Amino acid sequence: MKKHLYIITSLLLAASCVYPFDVELPSDIEQTLVVDGVIVLGGNSYVNISNVRTFDGRYTAPPSADILLEEENGATYPGVLQFPGYYRLFTEDANQDSRYRLIVVYKDKTYATDWTELANVPTIDRIGFSADDTDVHVSLSVNRTDARSQYLSVSFQEIWHFHATYLQELGYNPKDNSVYFIPTPDRSRYWCWQKSNSSGNTILNCSGFGNIVEDWPFAKFSRSSNRNHGEYYIKVNLRSMSRDEYRYWKNLNDNSAIGGNLFSPEPGDVPSNLRCITDESTAVYGYVSFSKACSAIASLDGRYYIQKSSEGLYQFDPEEYRQFYEMGYEPVRQLGDGMGNLVPGWGQRRCFDCVAAGGKLEKPEFDR
Amino acid sequence: MVKRFIIFAALLLLALAPLKAQDQISYQKQAGALSTLYRGALPSELYPYKYNGTYFLESPTFVKGNLFYNGKYYYDILLNLDAAKQELLVKGNENLAPVVLSGKMVNFFTMNGKFYVNLNAIGFPDAPKGYYQLMRDGEKPILSLVEKKYKSQAGYHNGQDIGYDDPYYDRDVPDYFLRKETFYTLKNGNIARISRLAAKRELKKEADHIPLITSLMQKWTGSSQAATLNDSPIASSFITVLPENFFEEIPEQEVDEPLDEESISSSYRNKVYVIGSGNSSTSVRVSGVVTDMETGETIPGVVIFDSNTRTHTESDAKGRYSITLRPGDNVLNFSYEGKEDLALKVELHSNGVLNVELPDRINLLESAIVSAQSIANHRTASMGHDMVNIRTIVKIPSAFGEGDILKAVLSLPGVKSVGEASGGFNVRGGSPDQNLVLFNGNTIYNPSHMFGIFSSFNPDIVENVELYKSSIPAQYGGRLSSVLCVESKRGNTDKLHGSLSIGLLTSRFHLDGPIGKSKKTTFIAGARTTYSDWILKRLPANSYYNSGSAGFSDYNLGITHRINNEHTIRLNGYMATDRFSFSQDTSFRYSSFNVSAEYKYRGADGKVFQINTGYDQYKNITGIHAWTYGAYDLETSIKQVFLRSLYAFPVANHYISTGLDMVGYGLNPGQMSPFGLNSRVVDQKLKDEMAVEPVLFVSDKWDINEKLSVDGALRLSSFLYLSTPKFYAGPEFRLSARYTLLDNLSFKGGFNTMRQNIHLISNTAGVSPMDTWKLSDKNIAPTTGWQATGGVYWTELHTGLDFSLEAYWKSMKNCLDYRPGAQLVMNPNLSKDLLPVFGKAYGVEAQVKKVTGDITGWVSYCYSRSKFKEMEYRGFETLAHGNWYNAPFDKPHEFKLVANWAITHRYSVSANIDYSTGRPITVPVGQYIIGQQYHYAYTQRNSYRIPDYFRMDLAFNVDPGHYLKAVTHSSFTIGVYNVTGRKNPYSVFFKTTASGRVQGYLLSVFATQIPYVSFNLLF
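Heads up: the protein sequence lines correspond to chains A and B, in order. 8 is the number of the first residue of the first sequence in our numbering; add one for each residue after it. 236 is the number of the first residue of the second sequence in our numbering; add one for each residue after it.
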């Protein structure tokens, strides 16, 4: 709403303008610790350690830190450094009914969360697909088991089968600058698999609903996407969030969206659930979430929804063949030149090679 | 261009020139035998403007009379007397235009049964030019000369102000003809002026047997035919045509001491009042009674001030006054809070009486009025009180040309807003919710439309605006910073009036007038709407907002019934709605509804009893309809009923006021309802909040002596939160004192404590119409505070300049700030997201004001600060580490100029200049990755500022046309908002550029010159 107010005010007046504004920045902000942790009992847990970057590019490389997950009954789960700044915690078998806290020791200061109880995660009833003129929408229906799972974090992973745009029928011989027909086109690079993770988490606030949340649209892709070439699978990971975590992410997103206009909330640093317990005045950014998770997989035959798109092929003069070949182009198939002649149509390799287009020949598996 | 104009004008003159000659030839042809009489000149100049009254002696209708002209008698001639030019006009018949008879040839004539004589033509060359009515002949003949003076004065009244009743009186026309009657007699062969009372006394006597004038006429006519001009004898019977009570005396008991009866003057302004006769070398005493022009009630406490001697006095409890002055020319100023200041030019010869009626209205353009207004400021202990009348408001340039009440308030020193086109305002470092906005006694919770672009008040309805920012009267409370009282007009008592205004974005309409023939009941009704949708429709088709709509409307209705001079009943209603929506997925609606009834008694002894009751409601609804299954409406509302009573009475040199102020609140903090059949949203409602706020108050205005006065008040404030019972109570003290060192130099000091039990929940810099209100409860304590103020005031009487310097210090407790990312909507634990903070504000306000002469206005400079500090330390999360930090509306330097240059009576130029330091903001200074995305790291709250704000607006105003034959009048304003085109920052936001660099951007809303045209039609 605030955004609407902001924009409509500007539009109504029809005389607004935007121009750059620079502020003088403080010099020591890059020393501030940032902790991004997700503790999923029964799933993958990780903690990412970093520092703040300044707008002028100053950045301190991820420092080393000691990471420890403590269970209230005394069990501990240390973080194992996977690569600089990234620690994995093995919590697959941790007790889901206990309370936990995370401790980070960094530069002789100790940071810790409060003891945190895990919110229950609802069950996934259905993953649905629907389409409008332009997009395919993926929606989620969940059944909340208790009020503590009011806020949900949704992430997903997709796997789909796709093909290159063209089957290559022509070849190029750079030795004599000639184009020739391929008698048996190579179909091995025509079909591929692709895998993708959602960027960030989508947050669902169930507070306005009853126990059943139906057809909540959380993702979409274009009908002309290669996801619709054939088989399409999506694995939805649902993670419960506490109210504090929900608000943390919401505030963080609000702060990052539009800051400073009259109808946007006064921005400010969103408090972390970590505290520096050895020096109260030391700031820390980030959040460590403690949650339970569930997941479900759904599939789709995208051919029901596909809207074909083609990638254009180019016609070159023979004396240009070598030049474009060295730039990554290859002849693909014959095209009419408008004068009744057939000439080679050239395209990038990804047009006929699905591996070059980012695919894999082997079908990948979903992550755990 | 100029050449073309000259040629065009010349051609026009050539085309029109023959008309006069043609008309004259026509007269002579049609006049036939009487052509000699009709050889007079055509009236040299008609009065081209629309005016009230008539320049004719009695009415524009020509009547038949008899005439002695150029040595001959003419009978049954159509006659009329232009009393402004003292020209006798004759007509050949009704269809012809009149001609002017040469004054040298007219000796006498009769008209409407009255006898008129031209003294210059019968042997009195020194007599003032004119046709005298012979009221009684004799050795001491009584003659009356009626003159009509062309005047222009806004705010005058029919009847008493112009000297007679004009049945076609139009209150919106400022020009009129004032009737002035002077009495003469002949003494020792010379004409001598006598007072009205002396004339009365003489007329009561029997006529003597020496008909002097008749004899003189016989001399000129050579016969006794003069008497034959009229069927009636020239005798005292003419007295009967005088207005009723024309010679009514001032009751003797109202005058302190016997006065010279020959020195009575009337109480009409805009003329020189001659009081007494002869030339007294000693002091002269003027006494009289000051009454309310509308109600006839006497007014105690009116300041009467003489500009020359700087002598002053005050009317007593019965409105009586007496002041001793030097003989000769004086300017007596009458000033009283809420009444129009009056300046009367008096020529004093000996003791006399001058009764004055003060109208409600203010006229800032009247010269010398300012002096009285200024002196009134020196006579009261009140501080931080600004009053702006609607005429000033409409002259202040504003975006889109509509007179804007709130923008006018923002032009006053110490009043700020966080940005252009933002709702709400900040007074002396207070937040917007610390201002109580009253419209006819009703509380207006959202005083703006369209997110602050327009104010909620229809300028055609509003009469005046008062802002109390320091010495708040005892009957007002419940807010920490200020009280803004907006009063509407009550409706014309004479006839139906209206106006229609058309602007770029809005149009408005109003109608007012009497109900019934008794004229005791009047009404005023108005409506306003916008047609801003067309702008949205013109946005590009691919714009997200192309299919959106936005608009507002408001409606006013007021009915006033005057039972008699002492008792008045008044009913008021106000309704406003706003809406905007985009692409049918999100809509916003909010509305105000207010009704009230008021009974007021105002006795002749100065006692006032007033009681008013009413109902106020503000509601907003947000519709989120994007997702069918999740579609919902979110509604919040505040309702209140109130009962306020006031009893005030004078006791010696005290003026005591006491009363009860009771408000009952009912708040809906939030209700989420499913929208549409497919919505799965569950109906949710936060618990309603109920509370009552009874307050008892008593105040005393104590004039210890002429130099020192003290105002003191005590409010016993209590607040009972009913939903989960919690009771708060505490006293509020109001104290202010004034010491007048010189008549035009005074010092004042004051101390106020205030309590506030209702809070606007908003964590945005600007007030949003969708913000909600919250009552104090067991977790949210009332906001309390005190303000200490001191000031020095000096009036330069000769130039009319008022200089004032006020300093203040304000301390507040339990103000509300917000945790970063506070959830303010549908939050049952709202108090957990609120941060109680201390507040402090201090500043100095310097102002120079000029309300006399052609150039009027004010210029002010303020230095002020407003800061917050968390009341509780919460570790590193504590805002500003527990130190003081800038409030979002802290703008230290502020310069304002409002000026109006009246080039002529109709044409004026207005200017408005506004400079202030940029408001504080919180900016990102770094970024970090979390959740696979970059997010900003921020500075401490409000530790940066946006660039300074500067704006200059200019307007050219053409006031209502005065054309004689016009059925309607129009006014026209053309102006430019933000003449310099400065890109004043409205907001700041940050984006990551393609290169990965984070860049701040300033959005400027009015980033260029905004020309506007406004057209108003009066009828």
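Derived by calculation from the structure, the hints in this document are not laboratory data. This one's a predicted model, so the numbers in the text were calculated from it and none came from an experiment. Certain hints may be false.
[Claimed, not checked] Using 25 Å as the maximum straight-line C-alpha spacing, the simulated DSS-like pairs for lysine-lysine come out as follows:
hint, chain 1, residue 1, chain 2, residue 2
1, B, K1013, B, K920
2, B, K1067, B, K1048
3, B, K349, B, K326
4, B, K439, A, K257
5, A, K257, B, K326
6, B, K580, B, K1085
7, B, K920, B, K942
8, B, K1067, A, K257
9, B, K384, B, K349
Exercise. Check each numbered hint against the structure and report the violated ones by number, ascending.
Key: 4, 5, 7
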